[in-house]
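In my numbering, the protein residues as written are 2 to 174.
I should point out that these hints are in silico values taken from the structure, not numbers from a laboratory. Don't take every hint at face value.
What the hints assert, rightly or not - List time: in silico DSS-like cross-link candidates among lysine-lysine, alpha-carbon distance up to 30 Å:
id: 1; residue 1: 87; residue 2: 169
id: 2; residue 1: 87; residue 2: 54
id: 3; residue 1: 168; residue 2: 54
id: 4; residue 1: 93; residue 2: 75
id: 5; residue 1: 75; residue 2: 91
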Amino acid sequence: MRFTNVLIGILSMLLLAFSAEAGTYLSLEDETYDLLQRLEAEGVIESGLLSTKPLSYKEVLRLISEAENNAKDKSPFIQEIIKSLKERFKDKKALTDYIKPLDTAYIRYTYGDSKVQFFNYNMDGDDYKKGSNGRVGLISRAGVGWFSFYLNPELRFSEQDTKVVFKKGLPCP
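Kindly produce the complete structure, drawing on both the sequences and the hints.
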């Protein structure tokens, strides 16, 4: 009986952690961080702590609004960055349900000249083989009512093998 209660408690905490990640926070790999840092470097974001990650969607929306207010006399390039961020996060602003079957797609190629890999921070368990290595992946996300999810399947291929992995998958009941 005691073991069952402990197991239920652990599973409950895991579900709450998944819910926080997929539902309210921007993925650490998202390119939005780079764009916000560029806006900060240009001086249109003055109050952000962009070194603290992950950022909540609410904070991202606040930073975009601040950048828009401070960018009246900035270059068209900066205006375009702000416009693209506003477009990307418009569904979060309205706090409506959203489904993005294809939020991001990517292709990555690396060549390894040996089997030895030096520790590389945040590789998500990726093991590059000797020779050519390719990665093709996509990110899907949705938030409908009380449920949200984040999926990141990836096709990994090398000269030795090919496999499909779920790099990240976070269901949030």
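Verification of the supplied hints:
Our distance criterion of 30 Å between C-alpha atoms is met by residue 87 and residue 169, whose separation comes to about 26 Å. Proposed proximity of residue 87 and residue 54 is supported: the alpha carbons are some 20 Å apart, at most 30 Å. Taking the CA atoms of residue 168 and residue 54, the gap is about 19 Å. The hint holds against a cut of 30 Å. Of the pairs offered as hints, the one joining residue 93 and residue 75 holds, with about 26 Å between alpha carbons and a cut-off of 30 Å not exceeded.
Restraint check for residue 75 and residue 91: satisfied, since their Cα atoms lie roughly 22 Å apart, inside the 30 Å limit.
In summary, this structure violates none of the numbered hints.
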